[in-house]
Amino acid sequence: MSYGKIGQPLGRIEGPAKVTGEAKYTADVLLPGMIWGKVLRSPLPHAKIVSIDTQEAEQMPGILAVLTAKDLPDLLTGRLVYDMPVLAIDRVRFIGEKVAVVAAEDPDMAEDALASIDVEYEEMPAVFDAHEAMKSEAPLLHPDYRSYAHAPQKFFSDIPNVHSHVTWKLGDIDKGFALAKRVFEHTFNTPAVHQGYIEPHASVVAIDPDGRVNVWISNKMPVRARELLADVIEIPEERIVVHLAQIGADFGGKGSLMDAPLCYHLAKRTGRPVKMVMTYTEELMAGNPRHPTSIFLRTGVTEEGQIVARQAKVVFNSGAYAAFKPVPFVNIPGAKDAAGVYGTPHIRIDAYSVYANCVPSGHFRAPGDLQVNFAVESSMDMIAEDLGLDRLEFRKQNLLKDGDWVPGGPQLEEVRVAETLAAAVKASSWNQPKSQPNRGLGLAVSHRLIGTGEANTQLTLEEDGTIQVLTPVPEVGTGAHTILQQIVAETLFLSLDQVRVETASEIFKTDSGSGASRVTYVGGQVVQQAAGELMKLILAAGAKGLGCAENEVVFEGGRVVHSESDGSLSLAEVAKMGGDGKSALRVKKSLNLSEGPPMTTFTAQVVELEVDPETGQIRLLDVVTAHDVGTIINPLGHQGQIEGGLLQGVGFGLIEELRMEDGQVSTLNLGDYKLPNIRDIPPLTTVLVEEELGPAPFHGKAIGESSITPTGAAIANAVYDAVGVRFHDLPITAEKVYWALQQHSGGEG
Amino acid sequence: MKFEQTCTIAAGPLKVWNFLIDMENVSRCLPGVESMTLVDEDTYEGIFKIRVGPIALKFKGTLRVEERDRDNWHVGMRVEAKDRRLGGGVRAYLEVDLVEKGSDETQLNVKLESHVLGKIGEFGQPVMRKKTDALLQEFARQVSQELTSPDYA
Amino acid sequence: MRAFEYREPDNLEEVLSLLHDHGEDAKIIAGGTALVIMLNQRLIMPSYLISLRKLAGLNSVDSADGALQLGALVTHREMETSPVIRDQIPVLAETFRQVATLRIRNMATVGGTLAHADPSQDSPVTLMALDARVGLSSSGGSREVPLDEFFTDYYETVLQPDELLTHVQVPLPKPHTGSIYLKFLPKTEDDYATVGVAASVEIEPSSQLCRECRIVLGGVAPTPLRVKEAEALLSGQKLAPELLHKAASVVQEHTDPISDSRGAADYKREMAGVCVRRALEQAWQRALTESP
Amino acid sequence: MTHTIRLNVNGKEHTVEVPSRRLLIDCLRYDLGLTGTKEGCSVGVCGACTVLMDGKPISSCLALALFADGKEIVTVEGLAREDRLDRVQQAFIDYGGFQCGICTPGMVVTAKALLDENPDPTVDEIKEWMMGNLCRCTGYYKIIESIQGATALEPGGE
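Residue numbers (my numbering), protein chains in the order written: chain R, 1 to 749; chain L, 1 to 153; chain A, 1 to 292; chain D, 1 to 158.
Just chain R, with the same shape it has in the complex:
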């Protein structure tokens, strides 16, 4: 199938704004009379607040308000479960929790005042490790968690501090292990990792004289944010306008209200617009990083090397609050992939999300998938070796097939994992003889079900003949707006400059926003459908204007043409006669997909690396990433998603760790919390295994969360291949490799 606009490697529609500095992010919002808010955070991981003395701070120059929990309504908030106070109420549960907030004429003055607030704490026993928190003697962080609004009753647990326990099952796990000849048990751990977006969270609130609340916020789900904000500031949703700004990347981390409720309270108290921008230190101390996770796998394999049973226990450290988890079961969805890309008849997966006195955890691109894939794909290599099987053949033998079920997913069709894996292997040096000592190859395979949810749009034929596409989804950087433009232009046979994508949240009641790689799938479908309906309206209005019947007109060359006469109308002309005379033609559409298609997408990666045995340092020599893709709507953006995700996967595998000691994050700026830079990138080969059969418009598939997932495991497997040392914990730092090698060679003499 060939298209006009689909498949074009187009630059971003917001490109000129972004390269000239005109694009406005929340922190760029400047309002007359605007003042600044800064928060005082808890230095203790778990303590009662005995008293807070703000008197001195209030007297300081430029200080306009100092608020503590006593000044706010006694309400909790969260992306789903409401378990987190806006300012700590009587008790702090992590180092970095907000205790008081100051508004001042400038940020320096606000900082001046913070040091003068005196808080007296009474320390309480704290627990930092999720497994420790699950023990009977552990201090309880939220004794009343069952009473929180939207707490997921179906997933309550009697285990201390477990706020959600979700089980996924296929077949009968006991039967599965009974069939197995060999049973393997492995445990893996991954650390907290910050999303690393370069824009720290920012919020601005301005209250109009009539009480209307204007909000700017780095949040990818503005409609949902409005709903959440309405609850926690007790203002009806209709009185709140969330203005959409550019978002300096999300990667799952920008779905909460963060400081917006505080901005509101300060604005209300002072009568001035209030801005709060977190410092990056605050981001690292009190953002919502990827969950530290431990994964226990129990695998049953037959004599022939067939996997027949997989039991998994995945423990997610939620940190002090579950407030940053958006899904209804308030747990991490990626746990359901604990059987990997392998057809396994008997599966039982238990995911526990556990409170502990650390920074609250949140979503980060492919939430849970990376952690679990690292475990699953490492264990595949370990089992193969133990059974004396080739690790590639062992995988091939067990791959998912059409008709297989995946936990928490559908019965699969169009399974293309074998092709994807073969493509990755073929593009790599897998089948070449091992070149040098201390070099190794590793592979890993993952899959990801496409995200579901609700999407909305409004399409309008404007009087100048252009189409305005309104979406409540902000551009978080993934290129969503460009893709929506392409889909509408393609559907309406228009040139790109005739389609303008604009954002607005006011006119939509609900919306899932950006996330879970759903924008192209759900958001694409809704604009495609709306465009189809708009075309019908255009043709009808055109026919009316041309004085003929609807079935006598066609849309050709951007005009409504009466096929029998020469008569035609431009879109601008149609617009003027459309609808009820003056107003433009308009379609407003909503689409809510609760079930995904019976299709998933696969990624296979091969990593080649070299280990310096004297230092443990790892150098990536080559990375091949192969993707099972449908029609690619925008190759430039598609490849960008692959490359960006891959480097985040490399960070997860080799570099990144939000280090904590007794709940205190010790990597508190980007000088210590290292993100990969331009000199750290590995040589990369991308292979696209294309077939036009995706579920998204024009048979596209999702890509946003694909390349990040298998990299950690592929690296771990390559390290093992290179030097014979198996790592159960990420990241695999030079230091860990060095000591493991010392031990290793010590053992062998």
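Each hint should be verified, as a subset may be incorrect.
[Claimed, not checked] List time: in silico BS3-like cross-link candidates among lysine-lysine, alpha-carbon distance up to 25 Å:
#1 D/Lys-56 with D/Lys-127
#2 D/Lys-127 with A/Lys-246
#3 D/Lys-127 with A/Lys-54
#4 L/Lys-130 with A/Lys-228
#5 R/Lys-48 with L/Lys-60
#6 R/Lys-576 with R/Lys-588
Since the hints were made in silico from the structure, they are not lab data. No experiment lies behind these values; they were computed from the predicted model shown.
Dock chains L, A and D against the given chain R, drawing on the hints supplied.
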């Protein structure tokens, strides 16, 4: 952060004990203590200064003796102090144990568990650890020196 | 940032007199790359900031009497790109090129990095291995201090509150000398060194024996660490693996690293050994190729 | 404790009254309203705040506003000339050199300085020059392609 220091002092345990339960001696042996005043039987208020390069910390707070177990030669004291200018503080528990090695020889074991809080804890934690370790070492050295100096009776 | 008074004298006398008057209450600012962070984080709160940015005369690289004289205000980028330095002491340009990123190098100054005395910095290590001396001035007079007597502790030096570091003197390497700065970056390419080693080896060209050498490490002690005991091991000797191992283990004994995000203390100690071996080997190679 | 500074930003002279503790980034963003320059890490690592001072890339988060007195500053707003994008800007769009765009002002300013000094850089030279600019979205591959692509375009604007 946890620290331990051990040293041997050429003095009997009773002599060392009597020296250590006098907070004036303790404060003198601890570098950086600027003042220490008795509030009640077991509580002292004081000021303690430490420098890390250009960063000058001045902690003001209390020291409370919480354990004084003469039979087991064990003292435990809690320190809570704040630096208001910088915004941060320390919370620490210091344990001193004496082990009789002979009538004229005592092993001094010092154990410290400390938390550096707020701004001070956020930055330079590793250097603070080193400094604290050095401080404890110096404390043990000073105690030993004073006890064995001819001036101390 | 806490408020402060800003002074920007255009002559040295005024700088020194301000320092004399305000001492501990004042801070000198040049490039600002380290100081502004500490000010911004409110780790330091001086009453006065004395800027050297309008001060003339301390920003040149001069070659005279077998030495390079570096003004304290020469930037890292100038050190990296200066033809004189590249020609006469290439290892110095190589070292400065490895410091942080271009933006930092455009601002940070030679004097600033020495006065800041962060033991993880690169250039003090190489400068020490090159036997550099620093010139310090106060309104009471001037003195010169060898760099290996300059640093006293983490972020601390012999600089008195009323003193300013005005210049650095680096003797030109003797003939048949090879020098290297090796920056060990196991995590990402933009980081402080987990271990940094500067090695300088002068050989006797006919015998190829080591006549004299310098071994200085960064990141493994409260100050840049020169290990004379290891240097002594090498003098009069020929390069051989066992000798390098011996030198490396002597170096390891002298290290006193801290555990941080760049590595635990025991790992840094091990790496100090590896890096010293590698650095000596490379320096030796350079010395050999220097020889006609 | 305020001071009057005179600085030239993107070819325009400004006289601004600033407190001594004002950072250059805040002066540009809030005193002059030039919010194109972004603040990321605040410690000179991420490069989002990069501006050119007398032609050289610096971190405006590490410079006091007072440092800019008498200097020429170029920000991202100063690259395009009369609606014509600089070639670096155009190439970043054409080659997909950004996604969320928060690092882009610092990226294009830094890349512009590179091409001013070295019109035909190798990949290694691009990497060395650009190392101080972090991007979390692209994985940098398309940033390298953008800069290489820019060298093939006519120098823009002027």
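Each hint tested on the structure:
1. A hinted pair counts as satisfied when its Cα atoms are at most 25 Å apart, and D/Lys-56 with D/Lys-127 qualifies at roughly 17 Å.
2. With a C-alpha separation of about 38 Å, the suggested pairing of D/Lys-127 with A/Lys-246 is violated against the 25 Å cut-off.
3. The suggested pairing of D/Lys-127 with A/Lys-54 is violated, with an alpha-carbon distance near 33 Å, which exceeds 25 Å.
4. Distance hint between L/Lys-130 and A/Lys-228 is fulfilled; the C-alpha atoms sit about 24 Å from each other, no more than 25 Å.
5. Restraint check for R/Lys-48 and L/Lys-60: the C-alpha separation of about 22 Å stays at or below 25 Å, so the hint holds.
6. Between the alpha carbons of R/Lys-576 and R/Lys-588 the distance comes to roughly 19 Å, so the proposed pair stays at or under 25 Å and holds.
In this structure, the earlier hints numbered 2, 3 are contradicted, and the remaining ones agree with it.
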